[in-house]
Each structure stands twice: as C-alpha cells, then as structure tokens.
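Number of protein chains: 4
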Amino acid sequence: MIIVLKAGATGGEITQVEEKIKAHGLTVHISRGVERTIIGAIGDERKLQLEAFEGMACVEKVVRILKPYKIVSRDFQKEDTVITVLGQKIGGDTVALFAGPCSVEGREMMLGIGGQVASSGASFLRGGAFKPRTSPYAFQGLGEEGLRYLAEAREETGLPVATELMDPRDIDVVVKYADVIQIGARNMQNFRLLTEVGRLDKPVILKRGLSATIMEWLMSAEYIAAEGNRQIILCERGVRTFESATRNTFDVSAIPVVKELSHLPVIADPSHATGKMTLVEPLAAAAIAAGADGVMVEVHHDPESALSDGPQSLRPEAFREMTVRLRKIADAVGKRLGRV
Amino acid sequence: MIIVLKAGATGGEITQVEEKIKAHGLTVHISRGVERTIIGAIGDERKLQLEAFEGMACVEKVVRILKPYKIVSRDFQKEDTVITVLGQKIGGDTVALFAGPCSVEGREMMLGIGGQVASSGASFLRGGAFKPRTSPYAFQGLGEEGLRYLAEAREETGLPVATELMDPRDIDVVVKYADVIQIGARNMQNFRLLTEVGRLDKPVILKRGLSATIMEWLMSAEYIAAEGNRQIILCERGVRTFESATRNTFDVSAIPVVKELSHLPVIADPSHATGKMTLVEPLAAAAIAAGADGVMVEVHHDPESALSDGPQSLRPEAFREMTVRLRKIADAVGKRLGRV
Amino acid sequence: MIIVLKAGATGGEITQVEEKIKAHGLTVHISRGVERTIIGAIGDERKLQLEAFEGMACVEKVVRILKPYKIVSRDFQKEDTVITVLGQKIGGDTVALFAGPCSVEGREMMLGIGGQVASSGASFLRGGAFKPRTSPYAFQGLGEEGLRYLAEAREETGLPVATELMDPRDIDVVVKYADVIQIGARNMQNFRLLTEVGRLDKPVILKRGLSATIMEWLMSAEYIAAEGNRQIILCERGVRTFESATRNTFDVSAIPVVKELSHLPVIADPSHATGKMTLVEPLAAAAIAAGADGVMVEVHHDPESALSDGPQSLRPEAFREMTVRLRKIADAVGKRLGRV
Amino acid sequence: MIIVLKAGATGGEITQVEEKIKAHGLTVHISRGVERTIIGAIGDERKLQLEAFEGMACVEKVVRILKPYKIVSRDFQKEDTVITVLGQKIGGDTVALFAGPCSVEGREMMLGIGGQVASSGASFLRGGAFKPRTSPYAFQGLGEEGLRYLAEAREETGLPVATELMDPRDIDVVVKYADVIQIGARNMQNFRLLTEVGRLDKPVILKRGLSATIMEWLMSAEYIAAEGNRQIILCERGVRTFESATRNTFDVSAIPVVKELSHLPVIADPSHATGKMTLVEPLAAAAIAAGADGVMVEVHHDPESALSDGPQSLRPEAFREMTVRLRKIADAVGKRLGRV
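Residue numbers (numbering that gives the first Met the number 0), protein chains in the order written: chain A, 0 to 339; chain B, 0 to 339; chain C, 0 to 339; chain D, 0 to 339.
If you are wondering where the hints come from, they were derived from the structure by calculation, not from laboratory data. Please note: incorrect hints may appear among the correct ones.
Stated by the list, open to error - Calculated lysine-lysine pairs in the PhoX-like style (CA-CA distance at most 20 Å, straight line):
1. K69(C) with K60(B)
2. K46(B) with K66(B)
3. K258(B) with K60(C)
For reference, chain A alone in the conformation it holds in the complex (with noise of 0.2 Å):
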C-alpha cells in the first residue's frame, strides 16, 4: 500500500501513519519527495485497512498495490477453471448455452420450451420460480410450483436447469431441484446471500450488479469463494449509464478483463442487457467473439403474453435459427458452441 501525505505533512504526522502500518505487522519504507513524501507499507497490505488512512488529516491518498481478492484471482490460479453439471462444461472450449422462459408459467409452457431449446442445441434449462419485479403490482413467480416443473423438464431433457435465488430463506427449496443457482444483479452485494451459496456444493452464476465496477463483483465472487464454494460463473447483463436506446449498456469488454483478472468462467446475457429481441443475437455473437464461455437467452413460445421479459424473448424457432448462426462464430475463435 502506498500512502501520499498532503504537502506539509509534519514530523508527528509521518510517525503516526508509521506506527499504523507497523502495528499490523508490515514494514514502512518513507520517501520524501521534493512536493509530498510518500510512505510504503511493504508485507501483506490485505491486514491493513485502506480507509483506516484514507480518514487521517495529513493522508492525501492511498493507493493499493495488491488486488482486494484472492482465491478468484488468476494469480492464485493460473488455469481456467472449467465446471460440469451433468455431463455439460461451463468454460474451457464450449460456448454453454443457457436458454429458457424468464419465468416458468406452467409445467406444460416449461416442458414445452425445455423440450425445444434441447433440441437446438441447449446445454442448460433457465427458468425463474422467484422472480424479483420492480412493482409490487406484477407476477413474482410461481415459487415451489415452478421449480417442480423446471425438474421436470430436466427428466425430459437431461440437462442441468439454473434458476435464481433471492432470498436466504428459500434455500432449501432451491437446492432440492436446481443444478446451479444464480444470484440475480440486484443481489450481487446481498452478502449474507452469498455467504449461504459459499457453503453449497453447486455451481452459482454471479450476474454482475447493474451498477458494479469489475472489481466489486470479483469482490462478491470472493465472498462465495471464501465460504469453500469455487464453482463460481461470472455472468455478463448490462450496466445501467445515460443511454436509453437499449435497457442497459452491456459491456462487452467485461469478458476479456474478467478473463485476464480471473480464472472463472464468465458468460453473457444479451437478453437482459437489451431489453430488446432484435438485439440478442449481435449481442451474443459479439460476446463469444469476445471471449465468452457461454450465452444465457430467454426463449419463450408466445412473447407477447409472456408474463415478464417478453420484449426480450425469442421465439423457439428463432432461437433456433440463431443458434446455427452462433455456431459459425464459435467455430471462428475455435471453440464449439451448447450441447455435448
């Protein structure tokens, strides 16, 4: 950790950062510039708490050298870390292709779509049981209801469902039928939340909150990585800035940082990020170009009565189409796209 001292700093004030850094057991190295004088704590700065110096009168600014986490670190690991479920790979080289209704409606809507999204090539089901909508006056999911029919539709299908956990006290019946649990944008610093996905034994998709810098969210993958659970899926969906074309900006370049900072797999939902069906496919295409281990779409059989997220749902057929397109971008950067 470096710290800047404001011009002027005294004698006193020096000893006392001093004496700071040295009562958590690293070394001070001091250098004294023409303008300011510049103190260098050496040894593990992850002891030392940056805003304890950031408060005293004479700091200017602190400055970390280190990363804040660790275990998802790509210094802490150098190989990707690739997760199966099932028999379907999450990283490595497939593009996974997660695909599903936003919510599940009912167990014939869910079978029916499962069913097709399978045999285009899905490698994982979607479905929502709870559902978080910004008004109280909309559908909040058929909770128990849905899941039930999201682990049939995995009968049928054999493949792995994901579905989204929002609250502490559904656990139990979450991890009774899911296969990887996600954790929606809104809650990526529910910390207590991700405290509770850290002691599961199953994969969990981390969506990056709307308004998380890329350090933030590797941060709330630390917290589940440090309860034990590694089996962690960053997923891509669109931050929220000034413009409006689109629901959110998604950021693309998200995925080759992510990929240098960490060693997790991370995924894209083009689905949320736009808001918008005609824009899922050159989002997605973009993001396997980008780098991405997988695509997550909402596919519904009748947008235009769908109970949540219908303007961003693609029929099953042209989800269909789309996939053969997908195909072809993932074959360009040398890596196969779905299903097993």
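Following the hints, put chains B, C and D in place on chain A, whose structure we already have.
For chains B, C and D alone, kept in the frame of chain A given last:
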C-alpha cells in the same frame, strides 16, 4: 398508455393491439397520422403491462401516461407526511438530525458518542449492528450485541434509534431494539425485504440505490406502502457516476424532485455520498437549503481507528460546531434543526 | 407530439396549448381521461419545439412521436449507404479496416507503418496530425507536416487516408491532403464544425461523443447531412461510465441499434474504447460479430515510445496476426475483411 | 510516479523501466515485495508521460503522485482568486448573480430583462448570441446583432455582460462586446478554443463538460492559465448520469471539491443542470449553501415563447422573489448576494 406503431404496421397488427387492450377492460382510441399510427389505451393503465406491448413486432414504443406508483405519490395524498417517533419529528418544519457511528463498535463507544451528539442537538441516534461490507475479510458488525448498546443509548439520551436491517431472518431481533428501521442502498430492490418491512408498524428509512432512478426508488417505497406501512422516509445518499473525486455523486436535485412527486419526507446522508469528512458539512448545508427534511451524519470519537467508514466520520466536537452553522441554514429556509 | 397535462389543468390552459399547436399549422386531438388530459398534435411535429410545451405550467410531459432526425434515418432511406473511396469500401458486405498510428510522428514512421498495415490487409490508413490532448503540456501533433507524410503514405500504398479535423480554421489544409475527414468524440457537438464538413464532398467519420446518446449522435449526423454531405460513417468508440477497468465502456449494442435506426455505415474503434492493447482484438472481434462495417485500430512500431496512445497501440506484427483471426469472424457473418 | 509491475516481471524488464525514467532526468527507487515489484520515479513527474509506462508489457498500473495541473491548483496559490469586472466581484465574500435570457432574442427583450434583473440585484447580465443547438433545424442565435443588444443592456444597467464563444473565428467580434467570455460545456475540451481565450485579457467562465471529471475540468482551466489568462471562473452545470427526472445531475459536491483543489472561483448554473424552472431555486440555494461564489440563472419575460430553454427560465418577478430567499442563504454562510 400510448402505443406508437412502426411505420407500415398492418391492419391486422393494429387489431391485435386493440384486442389486447380491450381484454384488460380499457377502451381504445386510434389516431392514424401520415407517418405513424398511434393507439391510446383509455382507462386504468396500471392494469396493462407495458412490456406486453413492447414485445409486439409492430410496436415502436410505448409511453406510460400515469405514474407506476400510486400510494406514495403526491396525487394520492396532497399533504406532506410527517412522522413522529418518541416525540422527535421527521417532516414539516423540522430538519431531523440523525447522528452516530457507522458501526456500533462497543458499549462505551456507543454511549459516549450517543451522549455527545444528543447534547449537540441530534434528534435521532444511528449505529449499524449488521454491516454490508464489500470485502468478506472486513468487520461485519456486532449483531445483537450492537443492538443492545444502541438501545442503552436510547435509554440514556431519550432519543429514538435507527439501525439497518439487511436480512429478512434478522427482522425479529432488529424490531426488538430499533425505533426506525433502515434499508440500505444495496437492498433498495430487495423486494422480499421491502415486503417484510411493509408489514411492520415502525418507520422505515429507504435509502436510494446506487444506480436507482427516482422512479425506481418511489416504486420501492410503493412496495412497502402497498403492504400497509406508510411511515416511509426516503434517504438520498449519492448515486454512482463516472466522477471519482467523491465516492458517489450526491444528487441534491433528488430532494426537490421527490417533494414534487411524493408526500413522503426525504432526508440526506452526506457522509455516504462523499466518503470524505471535509465534504460532509457543505453537502448537509446544501441538502437543507434544497429542502431536505433531515440529514444523517456519521460521528466517531476517533475516525482514524473506526472499524468502518472512518474517512467520512466527524469527531463529536466537529459535529457540534457544524450544527451551529447548519442551524443558520435551517433558519434561512424557515425550519428548525434537530431535537425538539 | 403527445402532451400530457397535469392533473387539474383548467379549460383555459387546455385552450392555450391547443392554440399554440394550431399556430404551427398542426391539428389537435384532445382526450380527457379520468386522471389526465392528453393533447395530441397531428401533423409534422418537427415544426414544434418540444421545449416550448415543456415550459408551460400545466404540462406534465411531452412525448415526441417522430424521430428528431430525418435524412439519416432508416425511414428516409431503406437501403444501406455504402461509401467507396479510392476503390475501398465502407458498408455492404465489406468490413473496412482502418489502421495506422495515433499520431503521425515522422515521415519514416508513417511510411513504415503504412506499408506494414497495407500488406496485412488494411483498407484505409489513419494518422493524426492535429491532436486533442487533455494536457496543455503534451504533444499536439505535427500539423501540416504530418498531413504531408500521410499523403505520401497514400502514394506508396494506394490506400485512402483518414485524419482528424479539430478546428474550422484547418479545413483547407486538411481537405488538401485527406480522403476521409474524422470528427473526434470531443467535437461531436461542435455544431459549427459539423456544418462546415457538411459542405464538403468528402466522407466524414463522426465519432460518438463520450457521453452522447445514440439519438444525439444521429442528430449530429443530421447536421452534416442537412448541409448536403451524406457520406457519413458513424464510429462507436466507447462511452463514459463508472467502470474504470477500461478507459471507456465500449457500447457494442450501439452497432445493431444504429443499423436499425439509420442507413449509415457504423464502424468501431476498439483502441480508444479500451485504452489497452490486449483488449483491442476481443473488442474488434465483438464489433464485427455484432455487425460493424469496419474497425479502426491503432498500430505503432514501438508503442512504448509512442508520443500518444501507446498503451492501446498494437505492433505491426501483432496487427497482422490479429487480422488473420478477425477475417474468420468476418467470414462467419458473411463478410470480407479489409482491402479489396 | 509509482509504477507497479506485474507478478513475474523479469530483471531485464525492470531495467528497461528504470532507464526510461532516468532518461527524463528523474531518479529511481525500486522496492521488491513478495508479490509485486514497485518502482518509484522521484523528481518532477510532469516530465513523464503516464501512458508511456502503461504501454509496457511488464507494467500492471501506474499511479500519479502529483496532480497533472499546476497553475490552477491550491498548492500553487493558497489564496482564493477574486475577479472584479466593472466593479462587480466573483469570489471572496460575494455571491455573484448572473442573470438574463438563454438567447438574446431582440433589442427590446434584452433591455427589458436586463433592466429587471438589475433592479432585482443581479451583478452580471448573461445572454447568448451564438447558440449551440442539438438540432440543425433550431434557432442558432442572433450573432453580432445579439451582442450589440447585450452591450446596450450594459450601458443601461452598468452591469458587465457575459456571453458564449463557440468558434475561434468569432473571437474578435465576441471580445469587442463582452466583458466575460463563456466557454460552454460542449467546448470544455475544445483545446484550440481554450488556447485562444488563454491569450485574452478578459475573465473566462469555463463550464464543466457534460461528462468531464473534476480533474479534466481543472486540466482545461490549466490550458487557459498556461497561456497567461488567470481570470478563470469555473461553472458547475450538471453532469450526465442515468437519472432522467432532471436533464442533468447537478454535482453539488463539485463546489467544495474544487475549492479544496483550486484557488479559482466556482459558480453554479442550476438552470442548465435541471432544465426545469421549479428546480432552479432549490439548487441555487444548495449551491450557495455549499460554498459557490455565484449562481447563473436564466430569466425570460415569457418562458413559454422562448426560442431556447424556456422550460428552465424564470419570469422576472419569480426571479425577484427568489433573490429575497437566496439572500438569506448567502447571509447564513456569511456572504452577500449580487450587486455591490
């Protein structure tokens, strides 16, 4: 609701939109212009899902006419909501003054700071017992022990206490001790938590999410109100932008905007907005001048040793001096600051 | 245009709005709902100033029905605009490849890099002679001398050259040497400059402003088109957000969005978007996969000594290797990369 | 400057960085930690290009120690800059009050509004003659004719006049009439224009760019100062964020932040920040409470007919009433508002 169709929408498509509107009991008005056809849905548009129309291939855009929230709107209740807790007011001609440490770090500390801020005119005590921290390795709060010290501080000072609720599983213990429940920025869209506090008979401070629009913030307030609890205090605490000179960007405009749109009181948290103690006073003054019904300030007897948020905490003496100056601003807008 | 009145608007106020619309030759349609009165202005709403109505005390909001730009819209021209310069194409089934140094630093340097990128398949050369620099103490470009070297590079390679115009006073000299004029992000709303290039008979690359919405970007294109010059190439180069891991956030969605709204070609500048050489290839690939009509890449023979933008420049060999891989992506979307 | 190397940087790479620093006359300090090697460049780091190091493959990050601007910094000059024009002050214990129409629309109009705001205590008149408009089809200002009316208003009121300069080709004519030159938000990084006004002997109002950081804003001020003109007034006018309830997000924190970092006066423009007349007063009050050296307010005798910015303009009577209340806020912070 106004539905603008794409150029070239067919008669069949127009009929489809029309039927969808009628199916929800609204009436339809069609206006065919030279360049676009526009369909108006007349009646209570809250019965329609905006998304259901956006998902139709012939639709260019959908415009809501009514606000998506109702109970919390100024249309619903003309008069300002004024909340009274243990004799202390929020709203009306009072500028409530919430003060205390970021985290309750111990008994002596909480009682000490509590006594000092009370004697400087604070009208509410604050202190966190459950802390949301971005790093899994940071101090997470004292839990129930912290709540007990907070309650003791209430006994000593006679002031009501406010504290954060992070997890639905903690409701019973938090309710047992707190007079005002705080929902943090990261939980502004934790809809399950909102539903739970909506069923309580305690005032709730709802902090604005880091990237929440004012409309979304009011929608979250509606979640609480829809369950029956109308003692809601909105709290502006800065939003995330590209500017890095301050931790967040304090959106002072949100104060008069909320007061136009809603009857709920709105307070400001300049400590979290800026992350820097030297900026707390100018922003608290700005908030009061702009019409805020209160300010919430972090105070610590030794900010340099604080276990959280040290850099933005004021010492008790600095807090006392600040209140003298803030009182003048409150006077200038015809209000009185703090304790009754 | 749809004008939504506030609850409680009086008959007199309604009449006032009505007369204002009629004064511009449009007809009026009034719809009185239970909660709100809505006034529709029927006719060419571009004759009305949205602001003129927003300023009225009785007006809650004003909604535009038509797009505020016209000539550059897809409604105005269905077919894609394809631009040809010295035999090289932008638009259609070609992915144009612009390459060269950020700044022209000298004759040998420009000719060297020009030759190398040409032999790797670039279809346009780029190089800055007038440089916008945030610091007054940084290298500001070689001016006309740089333009001469650029022209020499054109003679040697046969490729058209693109360079930035920053100041209306430089038009004559820039026009003398350049085949394609570039308007930088900081000048996207320099309306006087747009008017000037609108009068030229040369293709113009219009970079998206750092915080410009897609609508504003198209409005700026309309400025150029309104003066007669319709050879406009839009260039996405990243927008400013809260994320600091990359210099800007590359808005890949802007590519398909622009192609829906406009007939103009759209290219991508991954070098400026990210500021980091390791990210250039993934983003260039993403842009092509998403449908971009070209990519613009900074190449420098010695990035570590570059006078500007070194960190994001590729060496000529790295550029060559990248083109091999990007060609595969272009193939996958049915296009061909670079030089004809 | 501190250069943090990637884990695994070789001895050769370290030497390369070292030599590059020494080549610019600075000395080098190397600190080898367990996880990272850090290189400090000791001396005047403004001689080094941060980018030149970021471009090196072995470098993880580069941290500036000194601020990149100099003349405008508080380190360079401790005392506040106070500017006096025709007897009216900006800075010190005065809150300057700039008022007038967005655009000068005619002689009578300008003289009328000028007289009214002067009698209400304005200390400067404002009015645009050259207008930057997003649409090519909108009113672009009266040009020199407008400047003449502005000068007449100065004769009548005795107050100095401020007006915008958009194009370097207009300098002579603008200088001929204006007392204070305004550089608009869109031109904050029009470096050629900054250089030109840096050579003038007239005060310059430098508006903050829509997405400019405070550091970039100060760098632009440095551009002006570096040419010799130190009569610079910074003007906060809102930045672009995701929030759409207001046109921009007024960054009130920028006021105290700038006053910490720089000796230059800083004023606020609540009219442009919000785009809404009802928000002008709360934001003007907030700005003064936060320490602003002035406020700039748009006034129009008939906002509903204004050729630009009607929705955010106050009528002269409303302006007069507002000044009464703002004067109380100015008193509360120990300053006096407006005309001397």
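Results for each hint:
For a cut-off of 20 Å, the pair hint linking K69(C) to K60(B) stands: about 18 Å separates their Cα positions. A hinted pair counts as satisfied when its Cα atoms are at most 20 Å apart, and K46(B) with K66(B) qualifies at roughly 12 Å. Among the hinted pairs, K258(B) with K60(C) is consistent with the structure: their alpha-carbon atoms are about 18 Å apart, no more than 20 Å.
Comparing the model with each earlier hint shows no violations; every hint is respected.
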